[in-house]
Structure formats: structure tokens, C-alpha cells
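Participant: Make the complex out of the two chains shown on their own, each in a separate frame, by following the hints.
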Amino acid sequence: MWTWFYKLASPPHVYRAAAALAPWFLGSAAITIAYGLVAGLVFAPPDYQQGDAFRIIYVHAPSAWLSLFVYSSMAIAGAIALIWRIKMGHAVAAASAPIGASFTLLALVTGSLWGRPMWGTYWAWDPRLTSELILLFLYVGVMSLRPAFEDPARGDRAAALLGIVGAVNVPIIHYSVQWWNSLHQGATVAKLGKPSMPGSMLLPLLSMLLGFMLFYGAVLCMRLQGEVLNRERQAKWVREAIKS
Amino acid sequence: MNVGTLEAFALVVRRELCLSFRRPDQLLQPLVFFLIVTTLFPLGLSLQLSLLRDMAPGVLWVAALLSSLLSLDALFKSDADDGTLEQLALSGQGLTLIVVAKTFAHWLVTGVALVLASPVVATALGIPGSAFTTMMLSLGLGTLTLSWLGAIGAGLTVGLRRGNVLLSLIVLPLAMPLLIFGAGATDRAISGVSPTGALYFLAALCVFTCTLAPFAATVALRISLE
Numbered sequence: 001m002w003t004w005f006y007k008l009a010s011p012p013h014v015y016r017a018a019a020a021l022a023p024w025f026l027g028s029a030a031i032t033i034a035y036g037l038v039a040g041l042v043f044a045p046p047d048y049q050q051g052d053a054f055r056i057i058y059v060h061a062p063s064a065w066l067s068l069f070v071y072s073s074m075a076i077a078g079a080i081a082l083i084w085r086i087k088m089g090h091a092v093a094a095a096s097a098p099i100g101a102s103f104t105l106l107a108l109v110t111g112s113l114w115g116r117p118m119w120g121t122y123w124a125w126d127p128r129l130t131s132e133l134i135l136l137f138l139y140v141g142v143m144s145l146r147p148a149f150e151d152p153a154r155g156d157r158a159a160a161l162l163g164i165v166g167a168v169n170v171p172i173i174h175y176s177v178q179w180w181n182s183l184h185q186g187a188t189v190a191k192l193g194k195p196s197m198p199g200s201m202l203l204p205l206l207s208m209l210l211g212f213m214l215f216y217g218a219v220l221c222m223r224l225q226g227e228v229l230n231r232e233r234q235a236k237w238v239r240e241a242i243k244s
Numbered sequence: 001m002n003v004g005t006l007e008a009f010a011l012v013v014r015r016e017l018c019l020s021f022r023r024p025d026q027l028l029q030p031l032v033f034f035l036i037v038t039t040l041f042p043l044g045l046s047l048q049l050s051l052l053r054d055m056a057p058g059v060l061w062v063a064a065l066l067s068s069l070l071s072l073d074a075l076f077k078s079d080a081d082d083g084t085l086e087q088l089a090l091s092g093q094g095l096t097l098i099v100v101a102k103t104f105a106h107w108l109v110t111g112v113a114l115v116l117a118s119p120v121v122a123t124a125l126g127i128p129g130s131a132f133t134t135m136m137l138s139l140g141l142g143t144l145t146l147s148w149l150g151a152i153g154a155g156l157t158v159g160l161r162r163g164n165v166l167l168s169l170i171v172l173p174l175a176m177p178l179l180i181f182g183a184g185a186t187d188r189a190i191s192g193v194s195p196t197g198a199l200y201f202l203a204a205l206c207v208f209t210c211t212l213a214p215f216a217a218t219v220a221l222r223i224s225l226e
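Note that the protein sequences, when read in sequence, are chains A and B.
1 is the number of the first residue of the first sequence in our numbering; add one for each residue after it.
1 is the number of the first residue of the second sequence in our numbering; add one for each residue after it.
By construction, these hints were calculated from the structure, which means they are not laboratory data.
Hints may be right or wrong, so weigh each one.
To be verified - One side of the interface only, derived from the structure: several residues of chain B facing chain A at Cβ under 8 angstroms: (1) 74; (2) 152; (3) 156; (4) 160; (5) 166; (6) 169; (7) 176; (8) 177; (9) 180; (10) 215; (11) 216; (12) 220; (13) 223.
Only a predicted model underlies this, so the values are computations on that prediction, with no experimental measurement involved.
Quick reminder that beta carbons are idealized off the backbone N, C-alpha and C, glycines included.
Same shape as in the complex, but just chain B (with noise of 0.2 angstroms):
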């Protein structure tokens, strides 16, 4: 049977939301550790909200960087394990579109959950409504960069067995330009200053790491597979 590419992306998206909504306890358990360590912080710090307004971009996005982390390790494992993925590797449809699409639908079930649970936590640490827009593009952003470099990792790291505190390790120093701009976006946002500069910035690394990430994650995910 011949597949076109398109078709192919779509039916490897499908299949990865149609197995991530099957086990929704996975699904959720990101976006609890999302709340749960948000609320760590005000425990952890004061209850002044003038205070925590001022960490309150930094709270945020450091919360959503571990979290994404937390569910990165499971990006290639679970098809490594059972061979799926070298059947899907001999697919004759190349093993970058392969990744792309898990990665995006990676992308569609954890990093759009987060930008749609941030609302609800940025209203808690006291983040004013007029900066939310700003907030949920660059938290959009932020997390699909986030998982186009957390795929580069999890390549290297599936064939591991204890590569989850490895993940984290290779993957959080590329990503700290992203809780640069995207913390710094939203705090312009909470002071009335323009947020276009670190938003642009943003936009800019996502283009940069979907346009090459994939062949380095097809690269790692070759070492590991072979």
C-alpha cells in the first residue's frame, strides 16, 4: 500500500492522540504537576500577592518547563520498548517525518494543555488578565520549542534505562533561553510594557528548532535504534 507523506503525518498523529487519549490518567498527571508545583511556590515564598506578581512569570514557566520534562521521557519509550518504532522506522515514510509527527501530537496533548490550564494559574499567583494573551502565546511558543529540543534528548535517551534524569540534564541548559523570553514576555505584559521584542525572539527559536531539531532527534534516535 502506498502512503502519501501528508497521509503519513496524519495517521502517526492520529495514532499518538488516539493512544494518549485512551490513558487519560497520563495525560493529566503533567498538567497536575503543573498545578502542584505552581502551588509550591506561594507555600514556599509568602502570600503577598504583590510578591508573587513579581515572580509570578518565572513560577509559571519554570513550573511548565518540568513539566513538559516529566512527560518527555515517555515521547519515544513506550514505542522503543514494544518495536514499534523500528517498524515505523522501516515504514519506507523516513524516520524524520516519523518524528515530527509524534513530537507535534507530543506537542498537542501536553504543551496546548498547559497553555490552556495557565489561565486558571496565573489568575492564582495573581497575573492581571490583560497580560493572559501574551502569557498563553509565549507559553505556546515556549512548549513547542520545548518539545522539538526534548525530542532531540529523549532520541539519545531511549535506549537508557535510567534516562530520565539524564533527559532533564541534556535538555534544561538549551532550554533556558526559552524561560528568558518567554518569563520576560509575560513580565513585560504584567508591567504594560510591549512584549513584542521577546515574542518575536520566541517565534524565532521555534522556527529555528522545527526546521532543524528534527534531523538531530532523527540522528539520536538512529544511535539509539541500531
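Excised from the complex, chain A in its bound form (with noise of 0.2 angstroms):
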């Protein structure tokens, strides 16, 4: 029953369907994310409150959505190539992990660079962008556990689990951080009101939200060509991949 699972996870398969997904998954992206700025940009109206500078949310929500999405599906597949010894999983967190830890970065940066206008200062320490720096960390202690091993095979390993126990931690760091800021009284941070979005203003971003999902499919693709190629190097189909 499983075995058509296993041959699905082959990695011949796994790079000659990541080949051939890449360029729908790029087409798709950049037709969302091209209507997501035009209309996001241009056409939208802006914000009564915060004027033209809400538009940065076009950016900085998908990214923050990405940064939690990418870091499920990397713990994901790491669970799933501890369970079932499926190499390929690895592969795919491997990928993962730099995507998601640089959708971090974006959704950091775009955060500060809003919370300048807004909050008067780049970093005002509000808990969502706190716990997404915790986060960043989170990203970046699995990515210097994974090639810390001499056996790749323990670092996959061990980066899996570490995957796993922080995805458990995630919303504990998130609700706590929140609690940490109610906390600490005053300095009351301008909140990002969210009156039920107008559709010329939800559609966009919604939009973009898909284009950067697609995004992140397209840069996996491509990232898990080169990761099959340099784990099966040995292998006599790579040979074959390459000369062709």
C-alpha cells in the first residue's frame, strides 16, 4: 500500500517533479504578486488613518504568514522523514529552511521600516515582531544545527527533531510575548486597528498572500533540485540528469 508513497519520495522522482513544477509555480506567482502591487500600490485607496504608508502591509503580512507557514511545513517534513526514514523529507527542510528564514528577515525589516511612521521609532519591541524575531532564532539555531554533524545523515536528523520541538514552542513564544507586552504597561503602542478591510483593499493582499505561497513553491523547487542533486551525487541517475 505505501510503496507508491515511497516511489513518489525517490529522489529521481522527487527532482524531475520539482523541475517540472518550478516554472508553473514561478509563472503563477508572478501573475498574482504583479496584481497584488499594481493593485495594492496604485489602485487602493489609502488608509484614513495611516495615509499611503499602510501599503507596506502588501509585503509585510504575506511575509509574516510565510515565515510561520514555511516553518510548519519545514517541521512537517522533517517529522515525516523521522517517521517514516523518508530521505526526502530532509531534503525539503533543508530547502526550507534559508526560504523561511529570509521571509523572517522581509517580514522584520518591512515591520520596522512601517513601525518608523507609525510608532515614531524603527523598533518599538510590539510582540508580534518580537516573537517573529524569537522565531528568526528558532530558523537559525536549525540551520547551524544541520551542518554542525559530520554525518549528514545526524545532522538531518537532529535539525528535524530541533524542527519539531520548536514548532511545538512556537505558539507558546507567541502567546507569552503577547502576555510579556500587557505586562509592561504604558508605552502604549499605536495598535494596527483592523476595521474590516474595504475589498479594493483585502483583494490585493490577499492576493499577494497566494503570490508569495506560490513564490515559496517555486523557490522550493529550485532549491530542492540543487539539495537531490548534491545528497545523491553519487548516484548513477545524477550522472545521467547532468549529462542530458
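Facilitator: Set out below in C-alpha cells:
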């Protein structure tokens, strides 16, 4: 019953599937992101409180969402690899980590740029930004644990376990940081109140979100190809794939 | 020879305690580190007791986290280096039991020592005596949780030559909720607000890690031992 599953997860198959899927992901990501950018930056009306500064949400919110999404997919891929001993799960996790870290960094940078006009400072220890920063530390931990082992298989499994432990902790960290802010009263940050967004603002945001996810898929496919080739460099099919 | 689970647990704990009390210098080093770090803050900041008191819970907790981390590296290292850990793993007692016993013993010699030393440091930092109970309780719960989190990190990095920095890199982000609630509870006790909420959170985190971390640490150790 599981044979199809293992066949699906065999390195040559993963390599070919990633190569075939990448252009589709990239193309649809380009379309959705282009629509989101034009509609969000040009056609959407300025916010009644924040003026044009709110438009950074079209980059900030999707990258913050993706930072969590990529972390959970990395942890799930690692768990699959640990439980069923599917090597390609480790390849997916390894390929995902730097992408997720980049999204986290992007969310942090855009968040603090947004903070400058809204709060008057780049960094106000806003709970959401702080938990994003801790998420970046978690990514760095996973990314530095993997190459620390001389035996790559061992590094893979260690990184997968750390990813799972981190995934369990992400909600705890998130809520405790929120609670922490309620402890430190005063300096009340101008909360980005979220009245229901009109469609002309919301639609581009959703489009950007979809576009970012597709973009993750595209970059994942590309990085996965490299990852698979590197991992299977001793295999015969790799030599044939590179020759052709 | 057939040894029951509880007996095996007690034996490992006794062995660990025996080993650490034979090397009192290693037992004292984290404590001295704790004292030195807490001395650094007044020197670097200011001598105004009112300002110090405001920062004291954070300073105390950061110092406690760092000094517990310092000793975590040794949790499995020496036993892994001389092969004892493999023998323990092969003893038929289940690796989880060994991990639980070793981590518990580690907390007994480092965490409890920190808790006992904390009133001295707290007095120097200007924390009023009325907050001592909360502070010690929160430190006790926090260091126990940290020992569990650290056991995962120590298990993952035990096979590495320079695992010490990596261990801190892995464990510190996971320990941040502890800092928030631990320092928060102490802060509230100082200002006279009831700290029960934060203490409950700390206790919940402690129970949560006590139940799940041993299994994660066992898997980590297995990955490193194989």
C-alpha cells in the first residue's frame, strides 16, 4: 500500500517533479504578485488614518504569514522524514529553512520600516515583531545545527527533531510574548486596528498572500533540485541527469 | 540482576549526585558565574538602588538562564565520551529513564543551588524580602523547565566538538517564555501585585516540558549515539 508513497519520494522522481513544477509555480506567482502590487500600491485607496504608509502591509503581512507557514512545513517535512525514514523529507526541510528565514527577515525589516511612521521608532518591542524575531532565532538554530554534524544523515535528523521541538514552542512563545507586553504597561503602541478592510484593499492582500505562497513553492522546487543533486551526487541517475 | 524502574532511577540520580559532589569546583563554577554576571549589571548601569530594583528581576533571571546553560553542556558529555552513556543505554532500563534521572540530578545540583543563592544576589540588587518567596519559587520552576529544554539541546549537541555555543543558540530562544513569566512574576511581587497568574503559567510550562521533553531528549540522544 505504501509503495506508491515511497516511489513518489524517490530522489529521481522528486528531482523531476521539482523541475517540472518550478516554472508553473514561478509563472503563477509572477501573475498574482504583479496584480497584488499594482492593485495594492496604485489602485487601493489610502488608509484614513495611516495614509499611504499602510501599503507596506502588502509585503509585510504575507511575509509574516509565510515565515510561519514555511516553519511548519519544514517541521512537518522533518517529522515525515524522521517517522517514515523518507530521505527526501530532510531535503525538503533543508531547502525550506533558508527560504523561511528570509521571509522572517523580510517581515522584520518591513515591520520596523512600518513602525517608523506609525510609532515614531523603528523598533518598539511590539509583541508580534518580537515573536517574529524569536522565530528568526529558531530558524538560525535549525540552520546551524544541520551542518554541524560530520555525518550529514545525523545532522538531518538532529535538525528535524529541533524543528519539531521549535514548532511545538512557536505558539507558546507567541502567546507569552503577547502576555509580556500586557505586563509592561505604559508606552501603549498604536495598535494597528483592524476594522474590516474594504474589498479594494483586501483583494490585493489576498492575491499577494497567494503569490508569496506560490513563490515559496517555486523557490522550494529550485532549491530542492540542487539539494537532491548534492545529496545523491554518487548516484548513477544524477550523472545521467546532468549529462542530458 | 533485575532492577526495578524506581530503583534504577534512584541509582542513576545517586551516581550523578555522587559524581558532582566529588568535583565541588565544577559544582561551584555556575554559581560563581551567576554572581559575577549579576555584579556586571550594577557596574555597567548605575548604582542607584531604585533603578537597580526596577531591573533586578530581569538581571537575576538572565544571569540564572546563562549560568544554567553553562553547566548544561556537561549533562551528557563526559558520560558520552567515556562510553558510560552507551552502557546505560544498553542496560535494558530504557534510555528515557536514564535521561529523566540525569536531568533531574542536574537540576538538583545546579537549579536548586541557584535558587538557594538567589536571596543573596536579590538583596544586593535591592529586591525587598517580601518578594523572595515568589522569586525563589519562580526560579525553581524556571530552572527545572530549562533543564528539560537543555536536555534536548545537550542531547542534540553531545556528539559535536564545539557544541557549546550551538547549545546556547538552540536553547535560549526556547527559554524566552520562561524569562517573560519568571521575571514577570518577580516583578509583580516586588510591586505588590499578586504574581499567581505568572506563577501558574510557569508551572504549566514546567509540567508541559516535564511530560514531553524527556521523549524529545531521548530521540536527540539516540541520534547522537548511533
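Participant: Output the numbers, in ascending order, of every earlier hint that fails for this structure.
Facilitator: Of the numbered hints, 1 and 10 do not hold.
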